[in-house]
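Protein chains in written order, with the working numbering: chain A, 1 to 395; chain B, 396 to 626.
Because the hints were derived from the structure by calculation, they are not lab data. Do not rely on the hints blindly, as some may be mistaken.
Unchecked claim - Just a few of them, taken from the derived set where beta-carbon distance is under 7 angstroms, the chain A residues facing chain B: (1) S17; (2) E293; (3) I300; (4) G301.
Stated by the list, open to error - As a list, the in silico EDC-like pairs of lysine to aspartate or glutamate whose alpha-carbon atoms are at most 20 angstroms apart: (5) B:K606 with B:E579; (6) A:K51 with A:D335; (7) B:K606 with B:D573; (8) A:K292 with B:D571; (9) A:K244 with A:D60; (10) A:K170 with A:E152; (11) A:K150 with A:D211; (12) A:K51 with A:D242; (13) A:K292 with B:D455; (14) B:K429 with B:D559; (15) A:K139 with A:E152; (16) A:K2 with B:E474; (17) A:K2 with B:D559; (18) A:K292 with B:E474; (19) B:K561 with B:D601.
Where is the CB? At the ideal position from N, CA and C, for every residue including glycine.
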Amino acid sequence: MKLLSQIWVVIVMNIRSLPQRLWMSLAAILAVTVVVAVLLSFLSMANGFAKTLEGTGSNDIAIVTRGGSQSELNSVLSRHAVNAVSVAPGVAKTADGQPYYSAELYVVVNAIKKSSGTKVNIPLRGIDPIGFTLRDHVKITAGRMFQPGKNEIIVGQKVLGQFSGFELGKEVKFGKSRWTVVGIFSTGGTAFESELWADARTVQSQFRRGDSYQTMRIKLTTPGDLSGIEKAIKADPTLNLDVKTEAQYFAEQGQALKNIVRVGWAISIVMSLGALAGALNTMFTSVASRSKEIATLRAIGFSNVSAFFGTLAESVVLSVLGGLVGALMSYLFMDGMTTSTLGASFTQVIFTFELSPALFEKGIILALLIGVIGGFFPAWRAARLPVVVAFRNAS
Amino acid sequence: MTDDHLFDLKGVSKRFIKGKEAISIFDGLDMTIKKGDFLAIMGPSGSGKTTLLNMLGGVDQPTGGEVWFDGKRIDKLSEGQMANWRAGNIGFIFQFYNLMPMLNAARNVELPLLLTNLSAAQRKKSVTAALELVGLADRASHLPKEMSGGQMQRVAIARAIVSDPKLLLCDEPTGDLDRNTADEILEMLQLLNKEFGKTIVMVTHDPSAAKYATHTLHLDKGQFVEKDLVA
Numbered sequence: 001m002k003l004l005s006q007i008w009v010v011i012v013m014n015i016r017s018l019p020q021r022l023w024m025s026l027a028a029i030l031a032v033t034v035v036v037a038v039l040l041s042f043l044s045m046a047n048g049f050a051k052t053l054e055g056t057g058s059n060d061i062a063i064v065t066r067g068g069s070q071s072e073l074n075s076v077l078s079r080h081a082v083n084a085v086s087v088a089p090g091v092a093k094t095a096d097g098q099p100y101y102s103a104e105l106y107v108v109v110n111a112i113k114k115s116s117g118t119k120v121n122i123p124l125r126g127i128d129p130i131g132f133t134l135r136d137h138v139k140i141t142a143g144r145m146f147q148p149g150k151n152e153i154i155v156g157q158k159v160l161g162q163f164s165g166f167e168l169g170k171e172v173k174f175g176k177s178r179w180t181v182v183g184i185f186s187t188g189g190t191a192f193e194s195e196l197w198a199d200a201r202t203v204q205s206q207f208r209r210g211d212s213y214q215t216m217r218i219k220l221t222t223p224g225d226l227s228g229i230e231k232a233i234k235a236d237p238t239l240n241l242d243v244k245t246e247a248q249y250f251a252e253q254g255q256a257l258k259n260i261v262r263v264g265w266a267i268s269i270v271m272s273l274g275a276l277a278g279a280l281n282t283m284f285t286s287v288a289s290r291s292k293e294i295a296t297l298r299a300i301g302f303s304n305v306s307a308f309f310g311t312l313a314e315s316v317v318l319s320v321l322g323g324l325v326g327a328l329m330s331y332l333f334m335d336g337m338t339t340s341t342l343g344a345s346f347t348q349v350i351f352t353f354e355l356s357p358a359l360f361e362k363g364i365i366l367a368l369l370i371g372v373i374g375g376f377f378p379a380w381r382a383a384r385l386p387v388v389v390a391f392r393n394a395s
Numbered sequence: 396m397t398d399d400h401l402f403d404l405k406g407v408s409k410r411f412i413k414g415k416e417a418i419s420i421f422d423g424l425d426m427t428i429k430k431g432d433f434l435a436i437m438g439p440s441g442s443g444k445t446t447l448l449n450m451l452g453g454v455d456q457p458t459g460g461e462v463w464f465d466g467k468r469i470d471k472l473s474e475g476q477m478a479n480w481r482a483g484n485i486g487f488i489f490q491f492y493n494l495m496p497m498l499n500a501a502r503n504v505e506l507p508l509l510l511t512n513l514s515a516a517q518r519k520k521s522v523t524a525a526l527e528l529v530g531l532a533d534r535a536s537h538l539p540k541e542m543s544g545g546q547m548q549r550v551a552i553a554r555a556i557v558s559d560p561k562l563l564l565c566d567e568p569t570g571d572l573d574r575n576t577a578d579e580i581l582e583m584l585q586l587l588n589k590e591f592g593k594t595i596v597m598v599t600h601d602p603s604a605a606k607y608a609t610h611t612l613h614l615d616k617g618q619f620v621e622k623d624l625v626a
């Protein structure tokens, strides 16, 4: 109890004397602020990207692509392959007894990014009308569904926010063909909202794809059970196809996430070294400026442990303050910010930065570490300060 | 060594190593301080006054010899044990007051009591009594920067006596004060010695300050010049 009182007194005195070292303390806070803000920006970006992809994949939908193709974009499926897989065991049936699947095309078209004015790729997906029902939470929020056989598109809600020229009723030009925006759709925030959708056969015709498709989406009778389809593919030597659940497919597409997180941590750790140097400098200066006070307390009978923890606490307070400001800045400027990045199919995936409590915690833990390491050696010096300093005549 | 001895220094030596040179401050110093003494130590710069005060206060250790306090040997205590010993037995009064600038007078005076088991109420009572004794009860909430030099030294005296130590060690307590204020402080130390029985050791350059003491020792080159007070 006595030791706690001593430590508390030293902490209070150190914190109250911070204004005497205002600029140096502010510099130390700022250094940690920048580190935490950068880290949380990267992590909230990765988090938002992950959430978008996670929400996109469903476990009761199978996605079939050409064997070895990494993404929908470089996959090709013949009409024969589509027909063969559609009758495989495990494929659910519609109410009228037809195989429940959508053969789809996935082509790249140009769009102008509102934020930068640059030309980027976004996906135009050709779907069967039934494909609309193979997505969870899908609904038309404005306008209407496209009509088969017509150059009509419906536009994902996120596309509207990020790219110009896709407002309802507008006419857009892809290559030589012109398309009219007849509807806006939402899918509850998933990656599909980064897409344009049109009638599959119209897309085949306008983009000269003959009778080929790129992917099949199949409703499974049992969620996650691909065995029937896999068997059917193996049994037919003319088929070279990969089949995955949609959830697996999008999880693999999210590999880029790991790199984002790695880059975020690498940059933050390098910057942390700078912040650490700042914290050390501030705290050594603090100990030097308070050497007489520390020595006087030691002369009175205060323990060196109280001098150690009092100094360490000052460093931790400065770092955590920096961490909180960094997290706050990250929250104010990044959280909820919507942007797009190149996904695995070389098309833009639109996602929202998301600063979760877990990420906030990581930022504060990093700030704490900087404070503890940056304060340790100065605190050690404070604890070892000779008590005779109190008797020196310099005021 | 008898019961009325508070301090006994026996054959104490103190040497420093400066570069390749060994500097001897004391070599075989013997000294006794009796309970109730008000001792002034005078001497030219470099004579070893402050080093002696530091050793008496347990903030500096002798290189050789023995230091006994109230019948107990203290020169072999560990750093932590020495801190506890100081807390229980010594009150320090410094030339430049050494108050904590961020704490008000009452909080400054309370510092030594934080090392005791007293409750907050008991501490407050003791702080008030100490501040009343030095005539600064009405300044309890003032910060050091809001007080004069004499007032700050009186707060320092209150801090030194609040835990009722056996010995007050004063390092040039009036060195930063004008004559009138210095006399007030010295009268207060004299009162603490005569009325409250405090043993006081005061290092000073000022002969008129030394007049308030019951004895004066003159140090020169690590040796006492006056023999009558040396054991």
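Quiz item: Given S17 of chain A was flagged as interface, is its beta-carbon under 7 angstroms from a beta-carbon of chain B?
Solution: With a closest approach of 5 angstroms, the S17 of chain A hint holds.
Self-check item: Hint validity - G301 of chain A Cβ closer than 7 angstroms to any chain B Cβ
Solution: The hint holds - G301 of chain A has a Cβ within 7 angstroms of chain B, the shortest such distance being about 3 angstroms.
Practice problem: Could you grab the alpha-carbon distance between K292 of chain A and D571 of chain B and see if it respects the 20 angstroms cut-off? | Solution: Holds, at about 17 angstroms.
Quiz item: Is K292 of chain A within 20 angstroms of E474 of chain B, Cα to Cα?
Solution: 18 angstroms, holds
Quiz prompt | Pair hint K139 of chain A and E152 of chain A, alpha-carbon separation not exceeding 20 angstroms | solution = Cα-Cα ~17 angstroms, so holds.
Quiz item: Going straight from one Cα to the other, do K244 of chain A and D60 of chain A come out at no more than 20 angstroms?
Solution: Status holds; Cα separation ~10 angstroms.
Practice problem: Let me know if the C-beta of E293 of chain A comes in closer than 7 angstroms to any C-beta of chain B, holds or violated. | Solution: 6 angstroms, holds
Quiz item: Within 20 angstroms, alpha carbon to alpha carbon, are K2 of chain A and D559 of chain B?
Solution: 18 angstroms, holds
Quiz prompt | 20 angstroms limit on alpha-carbon distance, applied to hinted pair K606 of chain B and D573 of chain B | solution = 17 angstroms, holds
Quiz item: Do the alpha carbons of K51 of chain A and D242 of chain A lie within 20 angstroms of each other, as the hint requires?
Solution: 25 angstroms, violated
Quiz item: Are the Cα positions of K150 of chain A and D211 of chain A separated by 20 angstroms at most?
Solution: 17 angstroms, holds
Quiz item: Holds or violated: K2 of chain A with E474 of chain B, Cα cutoff 20 angstroms?
Solution: 17 angstroms, holds
Going through the hint list in order, the structure does not satisfy hints 12, 19.
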